Every structure is written in C-alpha cells, then in structure tokens.
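Enquirer: Generate the whole structure from the sequences, applying the supplied hints.
Protein chains: 2
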Amino acid sequence: MVKYDFETLRNRYSSFLSRRDAAKQLVKFWDNPPGPGVIELAGGMPNSGFFPVDTIDLHVVSQPFEERHSQNGLKVHMDKNEPKEMPLSMSLQYTNTEGMEPLLSFARKMVECINQPAYEGWDVCMTSGSSDAMYKIFEVLCDEDSTVMMEEFTFSPVISNVKLQGANVIPVKMQLSANPEEQGIDIDRLADLLDNWSVGPYKHLNKPKALYTVSTGQNPTGMTLSLAKRNRIYEIAQKHDFIIVEDDPYGYLFFPPYDTKEPMKNAYWDDKSLTVQKYVDEYLVKSFLTIDTDARVIRLETFSKLYAPGLRLSFVVANKFLTERIFNMSEVTTRAPSGVSQALVYSVIKEMGKRHSSEPEPSVESMVTGWLEWLMKVAGHYAHRRNIAFKALYETEGYKEGLFQVMEPSAGMFIDLKPCWPQGELSRSDHYDLITEKMDQLNQSLLKSGVQVVLGYRMAVDVKASKDTCDFVRITIAYANDDAQIIEACHRIGKGFQVFFSRM
Amino acid sequence: MVKYDFETLRNRYSSFLSRRDAAKQLVKFWDNPPGPGVIELAGGMPNSGFFPVDTIDLHVVSQPFEERHSQNGLKVHMDKNEPKEMPLSMSLQYTNTEGMEPLLSFARKMVECINQPAYEGWDVCMTSGSSDAMYKIFEVLCDEDSTVMMEEFTFSPVISNVKLQGANVIPVKMQLSANPEEQGIDIDRLADLLDNWSVGPYKHLNKPKALYTVSTGQNPTGMTLSLAKRNRIYEIAQKHDFIIVEDDPYGYLFFPPYDTKEPMKNAYWDDKSLTVQKYVDEYLVKSFLTIDTDARVIRLETFSKLYAPGLRLSFVVANKFLTERIFNMSEVTTRAPSGVSQALVYSVIKEMGKRHSSEPEPSVESMVTGWLEWLMKVAGHYAHRRNIAFKALYETEGYKEGLFQVMEPSAGMFIDLKPCWPQGELSRSDHYDLITEKMDQLNQSLLKSGVQVVLGYRMAVDVKASKDTCDFVRITIAYANDDAQIIEACHRIGKGFQVFFSRM
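Residue numbers (UniProt numbering), protein chains in the order written: chain A, 1 to 504; chain B, 1 to 504.
Just so you know, the hints here were simulated from the structure itself, not pulled from any lab data.
Remember, predicted model here, so these are calculated numbers, not experimental data.
Every residue, glycine too, gets a C-beta built ideally from N, C-alpha and C.
Possibly wrong hints are sitting among the right ones.
Calculated lysine-lysine pairs in the DSSO-like style (CA-CA distance at most 27 Å, straight line) [claimed, not checked]: (1) A:K438 to A:K448; (2) A:K24 to B:K24; (3) A:K173 to B:K28; (4) A:K28 to B:K448; (5) B:K278 to A:K24; (6) B:K173 to B:K278; (7) B:K28 to A:K418; (8) B:K24 to A:K207; (9) B:K75 to A:K84; (10) A:K80 to B:K448; (11) B:K261 to B:K109; (12) A:K438 to B:K28; (13) B:K75 to A:K28.
Pair by pair, the computed Cβ-Cβ distance ranges are [to be verified]: (14) A:N11 to B:A178: 51 to 57 Å; (15) A:H204 to B:K239: 44 to 50 Å; (16) A:G43 to B:K207: 44 to 50 Å; (17) B:E359 to A:D271: 35 to 41 Å; (18) B:K207 to A:A23: 18 to 24 Å.
Under 8 Å between C-beta atoms, here's a sample of chain B residues computed to sit facing chain A [said to hold, decoys possible]: (19) L58; (20) K84; (21) P87; (22) S91; (23) Q93; (24) N96; (25) S128; (26) R232; (27) R458.
Expert: Quick look at the structure:
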C-alpha cells in the first residue's frame, strides 16, 4: 500500500488551497502544558468543580421506536470519572479542536474496518455537523475563481457553502435509472465536459478543483454509484486532477432489494445470517477512499441521521495535509465541537461495544461492532418503511393508471416519484419554465391532497441545465410517526397525481 | 426610548457590511411547514423514534465544588415530552439556526433584566461559543481593507478571527491602574488616534470599523471600564461612527473590594443583604448596551465560564439588522448550535427557576433569578479564590521585598503581576526586545519554581506598541483544584520573582 508522508502530501496538495487559506493562523498566547510538578496557572479554564452538572445518565433504547419504560436498553452513566477516558470533567471542559482522542480513535477504526483507504497517511477530524464540515472544506479549497462540480441535483444548501467563497458551482449530468450499473453521474458526459472544457459551456471558468458527490442513496435522487462508475470517476479525477468530496450521510441505511411478491420481506429482520460482517462486506458500498491511491478523496460522515441531528457532530476523513488545513480552519472559527455531544456519542457507543467484549473496557473494534449493530437496526426500520411506502404507492389507483413512476432508491431516506407525461406533453423546448410550471401545479395538487413533498427542480444546481431530468418529486420516509402515516401519505400521493392529471 | 425598525437599521448599518457578506445566501429547497392536516414528507429529518437516547437525567450541584453524592442539588429529567417546551424529541432534532425559542426567550430576558438596551429593535442569536460568534461577526463586518481596534492586550485568538478576513488589527492604549476611574482604555489617546487618523501611524489604513473590547474583568489585564469611560468611548464611537463589539465572558464574576485587614471577607458568603437584585444593581457593571442609543453595540455573552466550556454555547445581542446578518452567516456555515448543549442549559436553568416560582412552570423571570443565584455562587467561589491568592501573594518574601506588584482586578478569573524594576533597569529605548527578553527570563524563573503563567506580551496586539506596558504576567485562579493549590502556587510565584531578580 502506498504511503504518503506529510511533506509529500503538502507538495502534492498545496496547489489546491485557496489564497485565503494562508490567512488562517491561530494567534496562540499559551504554551504546551508544563511538565509534572508544575502548577498550571496559565489557561483560563474553570476547574470542573465549577460545572453545575456533575452526573449525566442516559437511557439507550435497544431498538428504534421502542416503547417507553421498556426494560430493555442500556443505561449509560457519566460523571467526573466516568467514562474513564472521557469523563465529564473532560467533555465539559475546553477540549481539542479536532475532537477528543477516544472519539477520534473510534472514527479511525470505523474507517479502517469499513472503508480502508488505499493509502497510508490519512486522518480524521471531528466537525460540528456536515454543513460545518462542508463550508470549512470549501474555505480551504476555493477562491472566487474556483469551480466546483456537483451532481445536477444535490443537497442544495451545499451550493451556499461554495458560493460563500464567491466560487462557481456547475452541474454534472446524472442518469436517473433503476439499473444499479447506470445510476448516478453520467460518466461519458463528465469525461466529455472535462476533456473539452476549453470549448464547452464553462470555458470562461477555471477547470474544476473538486467534485462534490453524495455517492450512496444520493440526496435527492436516491441513486447509488456502482463500484465500476466510482473507478471511472476516479480515473477522470486523476486525469484532470481534481479532489473528490464524498458526502455520505445515508450509506449505512442500505436497502435489500424490494420484492413485489413479498413486499414486507426485510433481510434486516428475517435473515438470520445477516451478521455485522455480512452487512459490511455485502451491503455497504465501498467509499471512494478504498480506491484512493492518490489521497485525493475527502469523505464526510455524520451522526445526524444515524444518532441525532441535534448533536451537530460529524467527521471528515482525508489525507493528513488536508485534515490539518480543515483543523486549522476550525482553530480560527468554531474551535472544538460540543463536548457534550461528543460525550453522548462516545459513551453510548462504548456501552454498545461492551456487548461484544469480554473485557470491562471494550476495545475500539468492539465499539465499532456495537455501533454497526445499531446502524443495522436503524437500516432495518428504514427498509421496512421503504417496503410500506412502495407497497402503498404501487397499490394506488394513480400508479395503476400509469400516472407516475417510482424511482427505487438503493439506500437512504428518500424516494423519488416521476409523473408519466402523456405523449408530447413536454416537448424538448428551450423554455424550461414549462416544466417548472407543471411541477408547481403537481405540487399544488399534492398539497391539496394533503401531502407536502420537495420538488426536484428546487434541488437542481442549474434548473436550465436540468430541464430534461428535473420532473420528479422527493418524499422522505424518515419523518413519519408510524406505518399508518406512511400508508395514508402514499394514498394521498396517488390521489394527488390523479388530481394533477385530471386538470391537464 | 428610541425605537428602530428593521428598515431604519438596514439603512443605517448596511455600510458596515463586508463585501463578502453579500455572497451569503442559503440555497433553500424547502418551504415552510404545511398547514394542519397535511402530512410532512419534505424535510429529511429522522423521526425522534430513531434516536438511540430517549431519556437524559442530570444531577445539578447546589454549590460549586459540592461533595459527590450530596443529598442536595437538583435532578433534571429530559425525555420525549419533558421539558414540555424543549423535549428531547425537539432538542435532538434539526432545530432553528438562531437557537431554540425557549432559550432565546431566556437570553432576551437576561438582557432586559440586567442590561436593558437604550433602544427598541434589538434581538439575540445563539452561537456555538464566543470564538464562533467572533469570527461570524468579523465575517459580517470586515474585508481586507477594514481596520479593527482592540485593547492593546487582548484575548489574542480574536486577532485570528479578524485576520481571517485579511483585515487589520490595531492596538488601543490602556491604563493599567488600581484606580477604578482610570482602568482600561486610555480615552485621551483613543480620541487623539481617531481625531488625527490621517496624520497618525495608521494613516495608510482605513479608519476603524469597530472597537473590540473586553470591558469588565478584561482578559488579560483584569481591568474594568468605569461607566464614565464607557460614556466617553460611546461618544467617540458616535463621532467616528464605529461599532462597539463588547465581549463579556467574566462580568458576572464580580469581586467585592479586597480588604487587607480582613482578607477572607467575602460579601457573597457573609452579606445576608446581598440579594439577586442588589447583585444586579450594585455589583454588575452596566453593558454598553444600556447607553446604546444608536444601536451600534454588539454584545457577546457565553455559557463557557458560567456553566461549562464543553457546551460550546453562547449568544450575541445586537440590533435586529446585525443579528439577522450573523444568523445568515450561521445559515451557510455551522447552522444551529448543538441541541444537546442547548437542552442541558435550558433544562437546568428552568429547574433553578422553579425555586423562585409558585407555578409548576416557572416564568422566564424566575429562570433569570434562579440563574443569577447560581452565578452569585460561582462568583462567590472566585471571590474566595481571589482572597486566598491575594493573601498568599502579599505574604510572600518576594512581595515584602518589593519585587512585584499585584494589579488587583475587579472581576474575572485573572490576576496580573508586574515586576518592580530596579531604577533604570529598563530604559525607554526603542528596542523592545529587551523587555520581552527580561520577561522570558522571568517566565523561566517561575517555571523553575514550579508555576506556569502567561506572559502579558504574548497577548499584545502589537508588542512594539506595548513595550512600555507589557511587563506583566497573567495568572488564573480558575483552574486550581482547591485553596491549598492556590496558596502553594502563590508561594512559588514569590520564590520565582526572588530567583529572577537574584540573577539580574
């Protein structure tokens, strides 16, 4: 395996840094802690005796949606001494900007066990949510004359993170398909865009510095890039020398294939042979990190969808030169993520790890296994919701009348629905307003029928460039309280399409 | 009282915004939540049933440094329904970027009760620690050609927040004095600097946009600006039209005067008439907000020193136009502060408020009273530590031999000590290296004697401009475990000064 030291990475990747990055220098007035026996009177840190809270006790459910007051579950206790390696006297104190070491160790082990990078010389840095990570990444990389490529439909707030720098965002065409080999970024068009940049539609811009991709269970399309496509994208990245920013909030929520004959079939709940190892080896799609021989991939993971959004806790994986730049950005802005959030995550994961350890202090590997067990439980519930939703959608009159298609996602929290236009309804005109108008009308019909969805065109990087593909709506299966609410919502969707088409 | 609407504030303060501020626009793909009866399938928010933690229980001490397992204290319980207005199903979810409303209401009431601004049209915005608040404020205000004034000694990491924008930081001379009327920014020199800008040492820079001041218990000098000085600074701010950024992490830690005849006297512990109201009216120094008829003051408060640094939670008070810009900055970067941290603060303060309320649901005023009671307990411990430290310092041989002075602070966590140079030891030369060299030697002597302190010159905005004032060291009384450690540290300090001067 190729090994990169810091100097090599610096030489290789300095040219990617924004000009503003050079201005980021924390003015430090303190020195490292003194040796033993020296009384510390330097840091303006209040002794933990001043903290009003001296114990925190958590109850952890054994399953998502578990009944209150169930006798199951775990109890987690934290005080000034527990957990030993991250007691409250530490997590409630000023802590390292990059995150507390036990949590970093856990994150590194996650990466090693699941997405072992193809090089040595990588590291992780905790951040305060993926939005925080994203804007820091683009602060490090972008100036006003930088260009960033994004999938033509994307989590559009990320566009703001790039535009904050004054930089340009350009869309990359996708294939919206049920075929796993075809899903996601259109490789030929990506290659063509870059090979012929100087005569293409963006020739007035600098060639792209980075590609931002939500590669698994893409938001909003639900598409997942196959390994073959990932390899081709990587080759293109090498040829044109850009950085791949891989955002993966949903990858762990991977769906077994839907079976129309047995709609409620759920391997997470039915398949006794589905161990953690099988989940990792056969379900989870390998990150770009696993083919990253150049150290050009930045991967984002977050605890928002897998634990709770209110934590505002996430981490970035990249080569050590780039993680150091991201860390440096945090040093002069947010400093450390919430210590309370880090403690809640670490202590719970540690408790989950105890079940896989004969030792009182579980190894980091045990903690990864324990956490993956939890993730499989969450994924099992999302797979169930996917089943409920598909069954309900396919049973609607609207579907049976052929009014809409379901673009089956392979992972995540979103399902996209595409209206089936009567022949010639949308001619391939240069006037994109027609499609957005029609989609607005569909939205109104759906709202009137009692469901709120997201319009795909609202998540386009450039609606004009996506007029041929933006005719879909995105629904989420994450927020509903129960199966009944999902079923009712799907009935209303079917109705909404009927209402919409009856007006056309 | 003057009342400013948003348009007036926008017209008045748009000119203060950085050019980059215009690039800050969150790309939103979602609409407001639908009306009742419409099923929400839009937001990618996981149902709270997916959260692994369903209850959090806290133990709150009744006093700082309370014995473990004391029967005193408060128990705080949080679950999916409690506290009613901020249950875990809310605080662990995606929440408003500006902070959750109950906490914002509390912060507003704090400001109203303690530092009622001199105008209507202000608001608060939660932020993720003061460093986070600071960099956002300077992102909103500064470009590369902006100038910011700071007290000549300051919390130097803030310099990084300004330099991140490429902007310039210039020092404002201070008076380092025991006299409360003289402490802090030298008004005459500030007026002279600005009145004669175009012929002064910074004439090549734009006139300052803002003054950053830690006005009470200044870090590192411990100085507090008198009300008279605050009024004069405000007049100068009006004359030269700059914004005042008032950072107040320590103001609540206000010290009753030290009594050499009764060194252990502590009004927080001894004075039965010291009510919350008396503390607010007679101890706390009024913020610049209370004289801010123009709406030109931005005030920062933080929970770091008063609750715990690991929360990463703070808030900003300013006119609505400026809080909206700071909010907007958060929308495209960090988004909301940690919901867990907000829940820990709110639920504890609410519980403290119950003691001042006959209702089961305490009013916001009761919560402010409860919180202020806690702050007085914290301040009482800092006052005690100040007493212990002063007594110990004054009893050292080094002090009795006249080797150093103690610059008595009026609030906060820091005490500064100044070596008493033999006659002519430091001539007023242009070579500032002499003073920094001597201070480095003092530092070595102190380290050898077993204490680590902070050198004042390391916290100078511009050491060259502060060579006449930078000969002090800063010690903190915050971090030590107990009185004995403080006493031992002070003995070592006395020794350190003896060692230093014996070598000269």
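Enquirer: So, for every hint listed, does it hold in this structure?
Expert: Verification of the hints:
| no. | hint | in the structure |
| --- | --- | --- |
| 1 | A:K438 to A:K448 | holds (15 Å) |
| 2 | A:K24 to B:K24 | holds (20 Å) |
| 3 | A:K173 to B:K28 | holds (21 Å) |
| 4 | A:K28 to B:K448 | holds (22 Å) |
| 5 | B:K278 to A:K24 | violated (45 Å) |
| 6 | B:K173 to B:K278 | violated (33 Å) |
| 7 | B:K28 to A:K418 | holds (22 Å) |
| 8 | B:K24 to A:K207 | holds (24 Å) |
| 9 | B:K75 to A:K84 | holds (23 Å) |
| 10 | A:K80 to B:K448 | violated (31 Å) |
| 11 | B:K261 to B:K109 | violated (40 Å) |
| 12 | A:K438 to B:K28 | holds (20 Å) |
| 13 | B:K75 to A:K28 | violated (39 Å) |
| 14 | A:N11 to B:A178: 51 to 57 Å | holds (55 Å) |
| 15 | A:H204 to B:K239: 44 to 50 Å | holds (47 Å) |
| 16 | A:G43 to B:K207: 44 to 50 Å | violated (36 Å) |
| 17 | B:E359 to A:D271: 35 to 41 Å | violated (54 Å) |
| 18 | B:K207 to A:A23: 18 to 24 Å | holds (22 Å) |
| 19 | L58 | holds (5 Å) |
| 20 | K84 | violated (16 Å) |
| 21 | P87 | violated (11 Å) |
| 22 | S91 | holds (5 Å) |
| 23 | Q93 | holds (6 Å) |
| 24 | N96 | violated (11 Å) |
| 25 | S128 | holds (6 Å) |
| 26 | R232 | violated (29 Å) |
| 27 | R458 | holds (4 Å) |
Taken one by one, the earlier hints fail for this structure at numbers 5, 6, 10, 11, 13, 16, 17, 20, 21, 24 and 26, listed in ascending order.
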